[in-house]
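Q: Below are the chains, spelled out letter by letter.
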Amino acid sequence: MIDPLAYLLSPVSYEFMQRGLAASVIVGVVCAVIGCFVVLRGMAFLGDAMAHAILPGVAAAYLLQGDLLVGALVAAVLVALSIGYFSRDGQIKEDTAIGIVFAGSLALGVALMSTIRTYSSDLTHVLFGNVLGVGERDLWVIAGVGALVLVSVLALYKEFTLISFDPILAVTLKMPVKLLHNSLLVLLALTVVVSLQTVGVGLVVAMLITPAATGYLLVRRLAPMMMLAAAIGAISCIVGLYASFYANIASGAAIVLTCTVIFVLVYVFAPNRGVLWGLVRASRLAHTKA
Amino acid sequence: MPALEISHATLGYGGTPILSDLSVAIPPAAQVAVVGPNGAGKSTLFKALAGLASILEGTIRIYGRPLGSEEARVAYVPQRAEVDWQFPVTVLDVVLMGRYGHLGWLRWPRRTDREIAFRCLERLGIANLARHPIGELSGGQQQRVFLARALAQEPDVILLDEPFAGVDAPTQELALDLLSDLRDRGIPMLVSTHDLAQAISRFDLLMLLNRRLIAFGRPSEVVSPANLAQTFGSQALFYPNGGGLLAITDQCCPPEEVIEARGRARSRRVG
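In the order they appear, the protein sequences are chains A and B.
Using this note's numbering, the first residue of the first sequence is number 20, and each one after it goes up by one.
Using this note's numbering, the first residue of the second sequence is number 370, and each one after it goes up by one.
In short, the hints are calculated from the structure, not lab data.
Glycine residues also receive a C-beta, built at the ideal position from the N, C-alpha and C atoms.
Misleading hints may appear alongside valid ones.
Label-pair restraints from in silico Cβ distances [claimed, not checked]:
no.	chain 1	residue 1	chain 2	residue 2	range
1	A	G163	B	A398	13 to 23 Å
2	B	R476	A	D108	53 to 63 Å
3	A	P290	B	D537	23 to 33 Å
What the simulated footprint calls covered on chain A by chain B, stretch by stretch (three residues with Cβ under 8 Å from a Cβ of chain B suffice, anywhere in the stretch; the number is not a length) [claimed, not checked]:
no.	region
4	184-196
5	205-211
Sample of chain A residues with no beta-carbon within 12 Å of chain B, all distances over it, derived [unchecked claim]:
no.	residue
6	L87
7	F147
8	Y261
9	L284
10	V285
Okay, chain B solo, but in the shape it has when bound:
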């Protein structure tokens, strides 16, 4: 049974579709890079899986259980810009929030929840920072706190929204190492990225999106001039390069989706 099965799903906000007729089946333990230009619907896909965008048509199932049911657990690692880093919480507080789904009303985190949280922090090499306020950490450390929290949720699927945007190269490398380290946990992972080269070299599966599914499969099967042209359209340049093809895509700057999403998060908070 696939870990995540999306069939004929049309996703969007309110009644407006952003991503249409998406069908993919993702096996357990797969690491999938979701690639597409700004506005392609990467964030919409992730937000729909997290329950923040609407499924207008079709179905999404996690190990056969419909998305939204109590047993379908999804962990969403937000973009760094979506987090209020000045909020008065420590690293351990944040990771323990991942356990709230297992606690229910009127329950405080138990000793086992603390142990799980510490194990997740150790796994990411930041157990020594447990008592530090999140605002004091470096970008890479902050990234790892939210990865630890995702693990503490004991989810069926982990979603990482643009984890490499705005972090330096060593941190990116570290995050990629961590992803491959997490593979043996058997948790499938979806990572949205702008970086085509990274997606091709470091991920098992590639999902090319541009308002619809362009292609899905192993990088060697999926990467073709036709698919890339459909994915990036005029946002990429192609040059013949020896026997192959050189593709230049835009990797700069957080996409507009970030700003949109931030606006939404804020209006949800007060509205």
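Same shape as in the complex, but just chain A:
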């Protein structure tokens, strides 16, 4: 019989696990909070594209022996700007512009990385994360950028809510809608960049939208939805890391699978809006009619 306490504590006795847990919980929370705006504004595709598009930035920084995070951030901002540029006068639809820029920069990233000798293991780390390789300094950067994003969302909460719900009112109230939209994109870019090490660019979109969508199913107000999404993001990271430790599966995948399972459970069992609830209501209705 295994001691449950030892079961919980033994992974945490490793320093790399402590750092990995701390980093992924921060990322889980920050992704979920910014992800609420991504879900409500229908920007999931843009978030995914931005994540993949940072690959050339990371590769270039690696080749030039610069800072990977700085390279990633520069690439993310460039991508957001170029998508805006291609779709500015409606000649090309925005989702088409996103697709072009996204695939093009992914290809550029792969091309750059293929010149590196340890190409395949490096590419795997960028694509799917390497949470157990988070160093002391990485953790500080993740915590610092995460705090910056959360404080910005708190400070601009009413503006971000308004431009998402009713951009027309935002214009009549003379808010700088364009500037606010771009700030949100920069915050999204920052979030994606610090998620690089935990879940990787291939899976970060799940951390952005799955906890937020789960929260959306459970509550009907934005602030509680955000808090719930943050809690789901954090729990998914913890559960996922333990699963990864004991079942010896890739940590990023384990985290994403955990929050996907939570989403499916909520989708089926959620009070009022769940599938099961709907079935119960339908059968009750049939009974009363009969």
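Position chain B relative to chain A; hints supplied.
A: Leaving out everything else, chain B in the frame of chain A:
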């Protein structure tokens, strides 16, 4: 001084004019029905007043202050189709958004803002729904939430874009009663509508548009076979009816402008 003074204004999107050389002066507390066929420029006029369409030529002033200045406050009540009813906000949240213009950066709604929001909800008889998500409300209740928000903005002018499109007859009647109830607040109101009969019987002033101003004034002065023919063109049928004239106009279906505007709202959101 007129509440709203539009002189020689040409309005449109991008560089394309939709409504040309419009000049009207609207007195305080006036309730104006803006009538015209699909594509006449009703929505363009409202969007320009709200700051969403461009003023290509001419000027618009609100109590003498140029439109776009900090003190010229316009409240725009959107068409129902333009609102995302699944967004996770409550009725009170929506009405409080009307107060954001008075708050500034880094400020949360204060107690006075909440009191004002509640007063506006009470005035429209839906204070009991304050905590409900907007998606749970009926069409008429949703309409009233946005009217309450317009009042909470404490605006100089209220614009209602097709408020009667897609709502049932009792709700329409209720909305019309509310409009006359709001008259004593002294806030001028512009209401765009397809319904000529309603415009004639329930509004002080009538503005007939068809890409330009056809006529503006009291219904009795404005409604003439010549003006109606110019306004509706082939979109209306006229029959001699006793001593008068029977006009049949199209009232069905949201105009194309709605769909256009919706597309624009979405592209603005992401673009």
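Q: Each of the hints needs a verdict: does it hold here or not?
A: Each hint tested on the structure:
Taking 13 to 23 Å as the suggested C-beta distance range, the pair G163 of chain A and A398 of chain B does not conform, at roughly 56 Å. Our hint of 53 to 63 Å for R476 of chain B and D108 of chain A is violated, since their Cβ atoms are close to 36 Å apart. The given range of 23 to 33 Å is respected by P290 of chain A and D537 of chain B, whose C-beta atoms sit roughly 31 Å from each other. Restraint check on the region 184-196 of chain A versus chain B: 11 residues with Cβ-Cβ distances below 8 Å, three needed, restraint holds.
A stretch counts as covered by a chain when three or more of its residues have a beta carbon under 8 Å from one of that chain; for the region 205-211 of chain A and chain B the count is 0, and the coverage is violated. Taking the minimum C-beta to C-beta distance to chain B, about 29 Å, the non-interface status of L87 of chain A holds against the 12 Å cut. With a cut of 12 Å on Cβ distances, F147 of chain A stays outside the contact zone with chain B, its closest approach being about 28 Å. The claim that Y261 of chain A is not at the interface with chain B holds, since no C-beta of that chain comes within 12 Å of its own (minimum 31 Å).
At roughly 20 Å, the least C-beta separation between L284 of chain A and chain B is larger than 12 Å, which holds for a residue marked as non-interface. Distance check for V285 of chain A against chain B: the nearest CB is about 15 Å away, which clears 12 Å, and the non-interface claim stands.
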